[in-house]
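Trainee: Next come the chains, spelled out residue by residue.
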Amino acid sequence: MMSQGAYKAEQAIGHGDNATTAQDITNPDNYNAADPSGEKMKALAWMGKNKVEMIECSKPKIMEPRDVILKITGSTVCGSDLHLLHGTVVEMQKGDILGHEFCGVVDEVGPEVKNLRKGQRVVASFQIACGDCYYCKQKLSSQCEKTNANTIENAMYGGRTAGMFGYSHFTGGFAGGQAEYTRVPYGDVNLLPLPDDVPDEKGLYLSDVLATSWHAVVDTGVKKGDVVAIWGAGPIGQMAADFSLMNGASRVIMIDQNWRLEYVQKKYPNIETLDFSKLGKGESVTSKLKEMCNNRGPDVSIECAAGEYAKGWAHYFEMMLGLETDTSELVNEMITSTRNFGRCGITGVYVGFTNHFNIGSLMERGIRLIGNGQAPVHLYWESLLKMVQEGKIDPLKMVSHRVRLEDLDKVYYKFENKEDGMQKVFVETKFSQPAAQGSPSLTRY
Amino acid sequence: MVAENESAKLAEAVLGHDDKDRATKTDVSNPDRDGSKYADPSGEKMKALVWMGKGDVRVEEVSKPALLEDKDVIIKVTGSTVCGSDVHLMRGVVVQVEKGDILGHEFCGVVESVGSAVTHLKPGDRVVNSFVVSCGECRFCKQKLTTACEKTNSSKFHEMLYGSRMGGIFGYSHFTGGFAGGQAEYVRVPLAEQNLKVLPKHIPFEKGIYLSDVLPTSYHAVCDTGVFEGDSVAVWGLGPIGLMACMWAFKRGAKRVIGIDNNWRTEFAKSRIPGLETINYTELPKTQSIPAKIHEMVPGGVDAAIEASGGEYAKGWSHKVEMALSLEQDTAEMVNEAIMSTRKFGRVGIIGDYTGYTNHFNIGSLMERGVRLVGCGQCPVQKYWDEIYQMVESGEVDPTMMVTHRFKLEDIDKAYKLQEKRGEGLVKCFVETRFSEPRAEGTPELTNL
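Going line by line, the protein sequences match chains A and B. If you use the UniProt record's numbering, the first sequence corresponds to residues 1 to 445, in order. If you use the UniProt record's numbering, the second sequence corresponds to residues 1 to 449, in order.
Chain A on its own, in the form it takes in the complex (with noise of 0.2 Å):
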């Protein structure tokens, strides 16, 4: 309902006049953008709250002078579009192709890409970014000024973030990668060439999970000797916690319940972990980590799970009611385990307001609370490519199936469920190459 009212909302208003690349195009033939040739192809399509589902659409075109066509070789699901799945990111509309993790071949070029070739090995980075604008020069591609004009966002938060593939109309309205060809505005910019060494199944996480996590141990600033805590072990949570480690962290503790924390002890020996399920009478996440780090809480925190996980039944009813959109229960458990002039970091996606936020605990204490904000792709892409060639990073830990594109609309289920151990996947297309060594083999729903 809200996300509806946003988006008649933002048509009434009206975007802001500050793109430069063309808004909305969510789906070739919603918005006259189909491949003349009238080629088709499947897409993962939102069609409504709590619904996704393989399409037949046309394949897009080049629209813009710096656009390139790639045609699809691997995707994958992310938390965050669980959130899209959910309803909770304002103004989706039926059809809006979905997917903002994506690796290819370039297909076609526009005139002006002259950085790039067809048949060259690409991963898409999941921001859209000009390259030129001020944020851009400085590689804060997230934070790009010229490729998202919405409105709403705008109104909501003081500004926008850079325009982002298959992720609402919120963030400019881009279609997605979880289909067989996509248009990638901006290609000489938004592509990172993939070097033969690097195969799809590794290459293809660099687009977001590598970065994102990467980034929020960096921004949130992890130095020699700190103690980490980390909420949430999907697989932003896994490799932060490897990265912590990288950056000279002295012990790093997960929090989250259930199989996901077995995954985790058995791929991440050195990682130890906190069943927040499993506490005892009077215990709290904070009296236990207090316990587990000489009385004081660690030096660092970081928060890998998401506002829309309400764990206790009254945020849960907040949220229902509309009265909040995030819980604040878990920056409330970091704030509290934090020691004194400590810092927490907030990776996990929050979209708006939220209530009985421990601001007293924040400021009394000296808690630095860092919003790490969508990770600048850019800024560290490079660094991290060259990680993966030297065996420095292996992304593969946190691969647990390998699927069919076909069969997406229900791995987003499986995956939402938590169903068959599913951590990340990864979604081959018919144009995929055949399973790099390492690879989970293929399930088919």
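It is worth saying that the hints were derived from the structure and are not from the lab. Everything numeric in this text was worked out from a predicted model, so none of it was measured. Be aware that a few hints might be false.
[To be verified] Pairs of lysine to any residue, SDA-like flavour, derived with a Cα cap of 20 Å:
hint: 1; chain 1: A; residue 1: Lys290; chain 2: B; residue 2: Val392
hint: 2; chain 1: A; residue 1: Lys139; chain 2: A; residue 2: Tyr31
hint: 3; chain 1: A; residue 1: Lys290; chain 2: B; residue 2: Asp18
hint: 4; chain 1: B; residue 1: Lys144; chain 2: A; residue 2: Arg296
hint: 5; chain 1: A; residue 1: Lys137; chain 2: A; residue 2: Glu382
hint: 6; chain 1: A; residue 1: Lys137; chain 2: B; residue 2: Gly230
hint: 7; chain 1: B; residue 1: Lys76; chain 2: B; residue 2: Thr282
hint: 8; chain 1: B; residue 1: Lys417; chain 2: B; residue 2: Gly100
hint: 9; chain 1: B; residue 1: Lys293; chain 2: A; residue 2: Ala155
hint: 10; chain 1: A; residue 1: Lys61; chain 2: A; residue 2: Asn32
hint: 11; chain 1: B; residue 1: Lys293; chain 2: A; residue 2: Ile152
hint: 12; chain 1: A; residue 1: Lys137; chain 2: B; residue 2: Glu410
hint: 13; chain 1: A; residue 1: Lys386; chain 2: A; residue 2: Asn247
hint: 14; chain 1: A; residue 1: Lys223; chain 2: B; residue 2: Lys144
hint: 15; chain 1: A; residue 1: Lys139; chain 2: B; residue 2: Gly300
hint: 16; chain 1: B; residue 1: Lys320; chain 2: A; residue 2: His356
hint: 17; chain 1: A; residue 1: Lys281; chain 2: A; residue 2: Asn247
hint: 18; chain 1: B; residue 1: Lys142; chain 2: A; residue 2: Asn32
[Said to hold, decoys possible] Over 12 Å on every C-beta distance to chain A, these chain B residues come out as not near it, computed from the model:
hint: 19; residue: Tyr38
hint: 20; residue: Asp40
hint: 21; residue: Ser42
hint: 22; residue: Gly53
hint: 23; residue: Met166
hint: 24; residue: Val335
hint: 25; residue: Lys344
hint: 26; residue: Arg434
Virtual Cβ for every residue (Gly too), placed ideally from N, Cα, C.
Using the hints, position chain B against chain A.
Mentor: The following block gives chain B in isolation, referenced to the frame of chain A:
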């Protein structure tokens, strides 16, 4: 608020008081709590400002304090003042304040007597305190983060509410150790060598006293939030802290500084700080919010924002109602405005007092746009003392720029009320006692209230 004070008391009774292994005895908030132990054996009396209930502070006659521990010093007070945060205490916004508590965390004076383990201070020394009571030896004190001292506060309620406890503060309730304050004629300073700074004769008390809190706190707000060469900065609240923060921001290289308030204080600030821009938000058109105004003045938003008002000052009726009904303790209005007014990946520092929970906090703008919200924390005075002292001594910084009034200790309760009303052009006062030195030249003359 009174309800919360009562429930805090109950909670502490249940949780237990954590007063073992403290570096100094906590909760001696008035010598008359146990005259046989805490009062000076001579039986001498003194005047002091005590909290008697919500909205009720009075100048009463109480016992002069005695030396209790070997690191103590007794100060003959020659100057004190009233803080915006003292007004929070009077209004009952701070929990665990008890009837009879002597207030005042900013004071200066002359050493009268010293404990047996005090070697670097002697009777006759002119001194100013740090508002924080710190031990100097724990893990945090060793890093000069003295307000996080682990050994000078016993409040278990504080620990439960916030997750961890901060250290002791003079005259600021049992939530922060329950130490008797310096709005009096005498004050006992525990761990004195750690918590007092000597002032040479050429530094008048009217300047030196502000080393106790305002100067370090406003400086900390600017340094901790982070103001760099060329930055644009916005400051909410033009009381002494906000005013001095604007001054420090320019000193640290800010190109533009915008001060925000709702009354004559914007004009006062402009008169004291050349180049300062201001927003009196009561003069904005009804359709324009503070963030909209700031984005108009600084496209994209400011690099750094500092919230120096305090969470109890709700502007709109919805937050006022929520606070009255105890649905929240602090309003989120100013912090939300600051977040929205700051550019992406910019910084917001909170130095104004926020004590509990707030609703309608714009966490989306913070997370999605990469805004850093810095809880400045109670300022660790000792970290900045030497640096700021040099600047006062050389004349580079003149704290009297914010001093508008001089009162007598006997009138300090009326000064509280004046401060609360923001009345009669009062920004910061100097409160003299019968022990004070003659008024320093260039400082305001005495006003009898």
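Trainee: Quickly compare the C-alpha distance for lysine 139 of chain A and glycine 300 of chain B to 20 Å and report which way the hint goes.
Mentor: Judged against 20 Å, a Cα distance of about 17 Å means the pair holds.
Trainee: Once the closest CB in chain A is found, is it more than 12 Å from aspartate 40 of chain B?
Mentor: With a cut-off of 12 Å, aspartate 40 of chain B remains clear of chain A, as the shortest Cβ separation is near 33 Å.
Trainee: Against chain A, does arginine 434 of chain B hold up as non-interface, every C-beta pair farther apart than 12 Å?
Mentor: It holds; arginine 434 of chain B is separated from chain A by about 36 Å at its closest Cβ, greater than 12 Å.
Trainee: For the pair supplied as a hint, lysine 142 of chain B and asparagine 32 of chain A, is the alpha-carbon distance within the 20 Å limit?
Mentor: Status violated; Cα separation ~66 Å.
Trainee: Could you grab the alpha-carbon distance between lysine 293 of chain B and isoleucine 152 of chain A and see if it respects the 20 Å cut-off?
Mentor: 18 Å, holds
Trainee: Given the proposed pairing of lysine 61 of chain A with asparagine 32 of chain A, does the C-alpha separation stay at or below 20 Å?
Mentor: 10 Å, holds
Trainee: Are the Cα positions of lysine 76 of chain B and threonine 282 of chain B separated by 20 Å at most?
Mentor: Roughly 44 Å separates the two Cα atoms, so the pair is violated.
Trainee: Taking 20 Å as the top limit, are the C-alpha atoms of lysine 139 of chain A and tyrosine 31 of chain A close enough?
Mentor: Cα-Cα ~31 Å, so violated.
Trainee: Holds or violated: lysine 144 of chain B and arginine 296 of chain A, Cα atoms, limit 20 Å.
Mentor: Holds: lysine 144 of chain B and arginine 296 of chain A sit about 17 Å apart, inside 20 Å.
Trainee: Does histidine 356 of chain A lie within 20 Å of lysine 320 of chain B when you go C-alpha to C-alpha?
Mentor: Holds, at about 15 Å.
Trainee: Given the hint that lysine 290 of chain A pairs with aspartate 18 of chain B, does the C-alpha gap stay at or below 20 Å?
Mentor: 16 Å, holds
Trainee: The output says methionine 166 of chain B does not contact chain A. Does that hold with a beta carbon cutoff of 12 Å?
Mentor: Per Cβ check, methionine 166 of chain B is inside 12 Å of chain A; nearest 6 Å; violated.
In terms of the numbered hints stated before, the structure departs from hints 1, 2, 7, 12, 17, 18, 23, 24 and 25, listed from lowest to highest.
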